[in-house]
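Read off the chains here:
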Amino acid sequence: MPAIDVLKARQTQVFKKGQGEFEMDCNRKSLSGAVSQRACVFCGSRVVLYPVADAVHLVHGPIGCAAYTWDIRGSLSSGPELHRLSFSTDLREQDIIHGAEKKMEKSVRDLVAKYQPAAVFVYATCIVGIIGDDVDAVCKKLHRELELPVIPVHSEGFKGTKRDGYRAACDALFKLIGTAEPEKPEPISINIMGEFNLAGEAWIIKNYYEKMGIKVVSVFTGDGRVAEIKQAHRAALNVVQCSGSMLGLAQMMKEKYGTPFIRVSFFGIEDTSNALYDVASFFKKDEIYKRTQELVKSEVAEIYPLLKEYRKKLKGKRAAVYVGGAFKAFSLILALRSIGIDVVLAGSQTGTKEDYEILKDMCDDGTILVDDSNPIELSRFALETRADIFIGGVKERPMAMKLGIGFCDHNHERKIALAGFEGMMNFAKEVHDTICSPVWNYYRKKAWYE
Amino acid sequence: MSKAVTQNSCSYCTPLGASLAFKGIENAITMLHGSQGCATYMRRFLISHFREPIDIASSSFTEETAIFGGGANLHLGLDNLISQYHPELIAVASTCLSETIGDDMNLHIKDYVARKKGESIPFIVPVSTPSYQGSHIEGFYLAVVALVQAFAKGESNPSGPVNVFPGMVSCEDLRYLKEVLKEFDLSYVMVPDYSETLEGGNWEEHHPIPPGGTPIQVLKHTGTARASIEFGQVISDKQSAAKYLAQKHGVTSARIPLPIGIRCTDIFYQTLEEISGKSIPFSLRKNRGRLVDAYGDAHKYVFGKRAVVYGEDDFVLSIASFLLEIGMQLSVCGGSGKGEGFEEKMMQLVNDNHAEVPIIYEGSDFKEIEMAAMEKGADVFIGNSKGYSISRSFDIPLVRVGFPIHDRIGGQRILHLGYKGTLNLLDLITNELIRTKQSLSSVGYSYI
Ligand code: SF4
Ligand code: SF4
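So the protein lines, in turn, are chains A and B.
Residue 1 is where the first sequence starts when you use this note's numbering, and the numbers rise one by one after that.
Residue 1 is where the second sequence starts when you use this note's numbering, and the numbers rise one by one after that.
Note that these hints are calculated values from the structure, not bench results.
Honestly, I wouldn't trust all of these hints.
The list that follows gives simulated cross-link-like pairs (lysine to any residue, SDA-like), each with its CA atoms no further than 20 Å apart [said to hold, decoys possible]:
#: 1; chain 1: B; residue 1: Lys3; chain 2: A; residue 2: Glu105
#: 2; chain 1: B; residue 1: Lys367; chain 2: A; residue 2: Ala113
#: 3; chain 1: B; residue 1: Lys367; chain 2: A; residue 2: Pro80
#: 4; chain 1: B; residue 1: Lys3; chain 2: A; residue 2: Ile96
#: 5; chain 1: A; residue 1: Lys114; chain 2: B; residue 2: Glu368
#: 6; chain 1: B; residue 1: Lys367; chain 2: A; residue 2: Asp110
#: 7; chain 1: B; residue 1: Lys3; chain 2: A; residue 2: His98
#: 8; chain 1: A; residue 1: Lys106; chain 2: B; residue 2: Glu368
#: 9; chain 1: A; residue 1: Lys415; chain 2: B; residue 2: His49
#: 10; chain 1: A; residue 1: Lys114; chain 2: B; residue 2: Lys367
#: 11; chain 1: A; residue 1: Lys102; chain 2: B; residue 2: Ala4
#: 12; chain 1: A; residue 1: Lys114; chain 2: B; residue 2: Ala372
#: 13; chain 1: B; residue 1: Lys367; chain 2: A; residue 2: Trp70
#: 14; chain 1: A; residue 1: Lys415; chain 2: B; residue 2: Arg408
#: 15; chain 1: A; residue 1: Lys114; chain 2: B; residue 2: Glu375
#: 16; chain 1: B; residue 1: Lys367; chain 2: A; residue 2: Val112
#: 17; chain 1: B; residue 1: Lys367; chain 2: A; residue 2: Glu81
#: 18; chain 1: A; residue 1: Lys284; chain 2: A; residue 2: Asn274
What follows is a set of in silico ranges between Cβ atoms, one per label pair, in the way DEER data are often shown [what the hints assert, rightly or not]:
#: 19; chain 1: A; residue 1: Glu147; chain 2: B; residue 2: Ala114; range: 56 to 64 Å
#: 20; chain 1: A; residue 1: Leu306; chain 2: B; residue 2: Ile409; range: 25 to 33 Å
#: 21; chain 1: A; residue 1: Ala113; chain 2: B; residue 2: Pro211; range: 47 to 55 Å
#: 22; chain 1: A; residue 1: Leu306; chain 2: B; residue 2: Arg408; range: 27 to 35 Å
#: 23; chain 1: A; residue 1: Lys114; chain 2: B; residue 2: Lys220; range: 52 to 60 Å
#: 24; chain 1: B; residue 1: Gly341; chain 2: A; residue 2: Lys114; range: 29 to 37 Å
#: 25; chain 1: A; residue 1: Lys254; chain 2: B; residue 2: Ile121; range: 49 to 57 Å
#: 26; chain 1: B; residue 1: Ile67; chain 2: A; residue 2: Ala113; range: 33 to 41 Å
#: 27; chain 1: A; residue 1: Glu357; chain 2: B; residue 2: Ile121; range: 38 to 46 Å
#: 28; chain 1: A; residue 1: Ile97; chain 2: B; residue 2: Glu64; range: 19 to 27 Å
Which chain A residues stay away from chain B? Per the calculated CB distances, all over 10 Å, these [stated by the list, open to error]:
#: 29; residue: Asp286
#: 30; residue: Lys317
#: 31; residue: Ser437
Ideal Cβ positions, reconstructed from N, Cα and C, are used throughout, including at glycine.
The task is simple: from the sequences and hints, build the whole structure.
So this is what it looks like as structure tokens:
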């Protein structure tokens, strides 16, 4: 064990590579009293469904859950922007006592009349799970009467972890899939899953596939539209990014519609290239493969010299990586390596046992691995490993910066596209600008008055 | 049933306000009794404003907890907090979830303390903050009341300090208030004081609990204080720490408006004059003169301009009063509080000033504010950054003040209070109006 006092019950969730055999004890509920960086089931559902831009997202519960998630993510839409509004039934004491089915029903009716959405998602949050509203029944009735999908999302925060929220969201999407048929199905077509169009990333990726001659039926759920989701079962292949959020949906689609899936990542040159080649190989068409080769070649040729420059400047710098899903951590490690940076601390909020095995294999000896960590641990490890930059979510930012460790936001709230080849350039630039900023010099040295 | 659906809420949950207030006590940490999500979201929300490390723990309810009660989780959570943070105070705020299942938090805490008899454990202060009963500002006040209830000792004493309950103001406001109190030669107890914990310097090493805040030892003196000053006109008696101390410890209370604008600040300084027996110091008088002079400089740019003001009730009331002092017109006033009395106070202010009646909302949301602004017209929005999307769609400026400010840095450093703070607000508002005028003009005036 690393030499810091980790909470006793957490000792099985922290591990130092190179110190004996070990199995990460992950996917546990957060521990009471620990300041976890995790959110809740609802958060998981929101993350996945939220980018569907022509649906109304009604959060059924007291105000907090909706208020804190209002427009927090940079998921872009090329058309409607209903997802950027925050709708809540804002339950008050009377609703808690007498039940809030009527209020929820009226809210849906009002919102549908006002915004004419293509669907409504009703998120049942903690309190709804307690007061016993029959959300399913009300949604069913509304679905019938309003003649549009009104889909309940069971995302009571206390009934599991963020992963359960992903599952609830996948269930909701699954209900939509297969409810409409395309005019003419395309044999060479894919769905992109687990891509939320942060800072326009889905557009970057879609563009690559289209250049390769592959039709993208629907993106789950970046720049998402209900009509496209309904037809998603007609795509020939599901391309799944990020281990946590949408693998479940891909599995369900495989079972029901026989749609095969592959897992990819769009972060970094290596992973992006693989993501394109894997899809090209799937369709077994020479011209597609050739176009892919050309695309990758020209994209890499464009950014390679620049990356080399960054690599020179960043060689030997150290990074700490703590992100939502472990799959993202894998890509980050590769991407960081490609610009000369060593990863000295790696972890995730929601990784699985298999994920941590892979992570362990990828990392160098001495790298510290953590699952569902907290600020005390993260900051101590970051200092101990003398990280130059911390890559994580918005909640880790102040902790790192207080200590004079640079920070790069790699979470759902970032506003810079990091996917694909151009994303790699943005990433390298951001990492470089952060690490090379002169401000950190003032953090470490004592001032004259001390 | 009034409105069924709330769109883009102006108010946040009760435990958020409580968590913020508890940040103003030295070596304290807050645990929310409920599910993990609430605590994480609130942390994120606060961190995006203050850009400082803010830890809020959770007792992490599971399905079993929801059925069998939160006792075991609460105890485990307390154990873990103690071993990881070594706090002097653990504040436990309830959430909708623990309240809805009827979990008896106080009893669990009593059990815990009994179980730990003989061991040295931190103080544990519970506060009941279901969100379906209030909003963040009510949670803030309730936390302050819980603190004085827990720690105030003794009887009011003419040589005691003065209690200051500033309410939800910025770190810079708190620092400025302390300077003012010093100018009056007053010793004080400020509850809360998060000016250091939420805006400190850089660190050499990690501090589980950021340094700063009012020490618990000092909190005890709230009972022997000579007087209490509490900012707020719509604080109910139940939420008033000043009222509590008056009743239980005989401390005279002055419940006065948040000192923004000349009139409200005059009241504050006169109150300090009375309490300290010292006349208003020269430096503050000078500030007042400077402010009056600046009112003159600004008057042509601001006269008749229509303002949409929103935020916590007391904040809106004092800003509105200030805007009327400089001849601006109130178009919409949206209070975020879920209590009562805001509309009445607002109407009184408007009538006293013979001003045009604005559209007034209690417990408002941004959709309502937008519709009202459309109806009444607006030249400037004044409030937190959450009004940005409307100000953008209207293409009129937003002057970012109050809490939260999520799209700029430095929200914690905005000075709102006193003559000096008012001067700052005056500059911000006037310059925004000038900027608009300048950029709309085809001439490109370089003198305005
Ligand atoms: S359950 Fe209550 S306390 Fe928790 S986030 Fe929702 S409104 Fe706030
Ligand atoms: S834990 Fe429950 S109440 Fe809190 S944010 Fe999540 S769903 Fe909402």
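Hint by hint, here is what the structure shows:
no. : hint                               : in the structure
1   : B:Lys3 with A:Glu105               : 12 Å, holds
2   : B:Lys367 with A:Ala113             : 16 Å, holds
3   : B:Lys367 with A:Pro80              : 18 Å, holds
4   : B:Lys3 with A:Ile96                : 16 Å, holds
5   : A:Lys114 with B:Glu368             : 14 Å, holds
6   : B:Lys367 with A:Asp110             : 13 Å, holds
7   : B:Lys3 with A:His98                : 17 Å, holds
8   : A:Lys106 with B:Glu368             : 18 Å, holds
9   : A:Lys415 with B:His49              : 17 Å, holds
10  : A:Lys114 with B:Lys367             : 12 Å, holds
11  : A:Lys102 with B:Ala4               : 9 Å, holds
12  : A:Lys114 with B:Ala372             : 17 Å, holds
13  : B:Lys367 with A:Trp70              : 13 Å, holds
14  : A:Lys415 with B:Arg408             : 15 Å, holds
15  : A:Lys114 with B:Glu375             : 18 Å, holds
16  : B:Lys367 with A:Val112             : 16 Å, holds
17  : B:Lys367 with A:Glu81              : 15 Å, holds
18  : A:Lys284 with A:Asn274             : 15 Å, holds
19  : A:Glu147 with B:Ala114: 56 to 64 Å : 60 Å, holds
20  : A:Leu306 with B:Ile409: 25 to 33 Å : 29 Å, holds
21  : A:Ala113 with B:Pro211: 47 to 55 Å : 54 Å, holds
22  : A:Leu306 with B:Arg408: 27 to 35 Å : 32 Å, holds
23  : A:Lys114 with B:Lys220: 52 to 60 Å : 54 Å, holds
24  : B:Gly341 with A:Lys114: 29 to 37 Å : 31 Å, holds
25  : A:Lys254 with B:Ile121: 49 to 57 Å : 54 Å, holds
26  : B:Ile67 with A:Ala113: 33 to 41 Å  : 39 Å, holds
27  : A:Glu357 with B:Ile121: 38 to 46 Å : 41 Å, holds
28  : A:Ile97 with B:Glu64: 19 to 27 Å   : 24 Å, holds
29  : Asp286                             : 50 Å, holds
30  : Lys317                             : 20 Å, holds
31  : Ser437                             : 14 Å, holds
Consistency note: the structure conflicts with none of the earlier hints.
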